[in-house]
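> Chains as they are written, first to last, in my numbering: chain A, 1 to 112; chain B, 113 to 226.
To be clear, the hints were calculated from the coordinates, so they are not data collected in a lab. The model shown is predicted, which means the values in this text are computed figures rather than measured ones. Hints are not guaranteed to be accurate.
Unchecked claim - Pairs of lysine-lysine, DSSO-like flavour, derived with a Cα cap of 30 Å:
1. B/Lys181 x A/Lys57
2. A/Lys57 x A/Lys11
3. A/Lys57 x B/Lys213
4. B/Lys213 x A/Lys11
5. A/Lys15 x A/Lys57
6. B/Lys161 x A/Lys57
7. B/Lys213 x B/Lys181
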Amino acid sequence: GAGVSQSPSNKVTEKGKDVELRCDPISGHTALYWYRQSLGQGLEFLIYFQGNSAPDKSGLPSDRFSAERTGGSVSTLTIQRTQQEDSAVYLCASSSLVATQYFGPGTRLTVL
Amino acid sequence: AQSVSQHNHHVILSEAASLELGCNYSYGGTVNLFWYVQYPGQHLQLLLKYFSGDPLVKGIKGFEAEFIKSKFSFNLRKPSVQWSDTAEYFCAVNAGSSASKIIFGSGTRLSIRP
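Using the sequences and the hints given, assemble the complete structure.
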């Protein structure tokens with residue numbers, strides 16, 4: 001497609017449930033990023049995939065968070081046993097090697 | 113580890129005022145620097161970037177930023193703001209390699225009074 005897409009756009013879940021968030025990057029982009037945007041907190045880096053290299057997971061806040069990127073394209077961010085503090089907008093971005101990122105619309109996650 | 117600081121959390125200006133938003137980073141090596149903007153209800157989009165060369169970078173919509181290596185700064189400027197510049201502005205840095213992650217500052221909310 002023309003841009004980065006994310007699904008779902010909104011997700012409401014109950015505390016303790018698992019959620020999966022999906023990102024479809026721009027075709028041909030080798031790098032894919034996940035960020036979390038909370039009110040007043042800016043963009044918090046979560047994880048970064050670059051080509052076939054091992055992902056940089058240094059931003060994942062706990063072991064409840066994990067992400068995969070299959071076939072160098074689509075990525076899924078999984079949050080297990082969700083907590084209320086996980087409520088945020090989860091943003092995905094992709095880029096080519098020249099590093100300018102293109103952002104998706106985000107998934108707004110609300111944990112009740 | 114690299115980090116980015118934006119000290120102005122919320123800036124309120126009148127139309128036609130001049131703007132300068134501060135951005136400081138901590139990393140001793142070569143860096144790539146970015147400013148992104150998020151207009152209300154829209155995606156984040158790139159305003160401008162610095163990779164190398166002229167430290168004064170021109171971006172879209174009349175914005176510019178100056179890379180001052182000795183001060184580890186990359187402040188965003190605009191001589192005369194418009195109401196349509198109301199948005200959140202994010203500074204970002206990556207450690208000089210296209211293979212390294214991009215870290216964002218906490219953002220500055222800009223409100224322009226018409």
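> Any of the earlier hints contradicted here, and which numbers?
Those not satisfied: there are none.
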